[in-house]
Amino acid sequence: DTGVSQNPRHKITKRGQNVTFRCDPISEHNRLYWYRQTLGQGPEFLTYFQNEAQLEKSRLLSDRFSAERPKGSFSTLEIQRTEQGDSAMYLCASSLDPGQGRSPLHFGNGTRLTVT
Amino acid sequence: GESVGLHLPTLSVQEGDNSIINCAYSNSASDYFIWYKQESGKGPQFIIDIRSNMDKRQGQRVTVLLNKTVKHLSLQIAATQPGDSAVYFCAEVSQGGKLIFGQGTELSVKP
Chain A
1 DTGVSQNPRH
11 KITKRGQNVT
21 FRCDPISEHN
31 RLYWYRQTLG
41 QGPEFLTYFQ
51 NEAQLEKSRL
61 LSDRFSAERP
71 KGSFSTLEIQ
81 RTEQGDSAMY
91 LCASSLDPGQ
101 GRSPLHFGNG
111 TRLTVT
Chain B
1 GESVGLHLPT
11 LSVQEGDNSI
21 INCAYSNSAS
31 DYFIWYKQES
41 GKGPQFIIDI
51 RSNMDKRQGQ
61 RVTVLLNKTV
71 KHLSLQIAAT
81 QPGDSAVYFC
91 AEVSQGGKLI
101 FGQGTELSVK
111 P
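Chain order of the listed sequences is A and B.
The first sequence runs 1 to 116 under my numbering.
The second sequence runs 1 to 111 under my numbering.
Because the hints were derived from the structure by calculation, they are not lab data.
Here a beta-carbon is modelled for each residue, glycine too, at the ideal position from N, C-alpha and C.
Take these hints with a grain of salt, some might be off.
[What the hints assert, rightly or not] Partner residues aside, some chain B positions facing chain A, computed with beta carbon under 8 Å:
1. Gly-83
2. Gly-96
3. Gly-97
4. Phe-101
[To be verified] Result set (DSBU-like, lysine-lysine): computed pairs, CA atoms no more than 30 Å apart in a straight line:
5. A:Lys-57 with A:Lys-11
6. B:Lys-56 with B:Lys-42
7. A:Lys-57 with A:Lys-71
8. A:Lys-57 with B:Lys-71
9. B:Lys-71 with B:Lys-56
10. A:Lys-11 with A:Lys-71
11. A:Lys-11 with B:Lys-42
12. B:Lys-42 with A:Lys-14
13. B:Lys-42 with B:Lys-110
14. B:Lys-56 with B:Lys-110
15. B:Lys-68 with B:Lys-56
16. A:Lys-14 with A:Lys-57
17. A:Lys-71 with B:Lys-42
18. B:Lys-42 with A:Lys-57
Produce the complete structure using the sequences and hints provided.
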């Protein structure tokens, strides 16, 4: 499977705990995006990387959230001191550089986080 | 601010009929749009895209129409099948390549 891979698929944690999610993008894609989706809503942009550089962060991304892409390949999203409001599906997507013409984002199947 | 919205939250069609899902966008400077299909428990799946220099683009059983005058986008699915049942999102590509999604339309196909 050469698509975007996310792990774990599901995570249940208690309020106040830290969690970390991993995303492996399509190998030739230099752009990587994180989105959050709650039930019945469209995905909301969180942040994105061009290679290893984090170029933009949404105001939705509080100080408790941090994302990294250390070698320009896989990425991790960490949430510290989780709150019940963090419960959502966290989606990762990758694409080629938009400067190369049509470059749709390709999504993984997400990590569903439940904070109890 | 920028926004993308859908006219109908739900759509129910008979198997074999054609489906039309509509979408409005607000940023007249947007030049790239994408339709995604999302099945339960899965991430959005790319269906078709269109650049603003086109007004129509066809894929396999799907057609996207873009009307820049009224800032309207539609997705047409021919001969709708039960496997087409899902939530459909249009997305506007903003500067930097990030997507702005609307709320989505749930398509239900009755056999």
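Broken hints, numbered, in rising order? Violated hint: only 1; rest satisfied.
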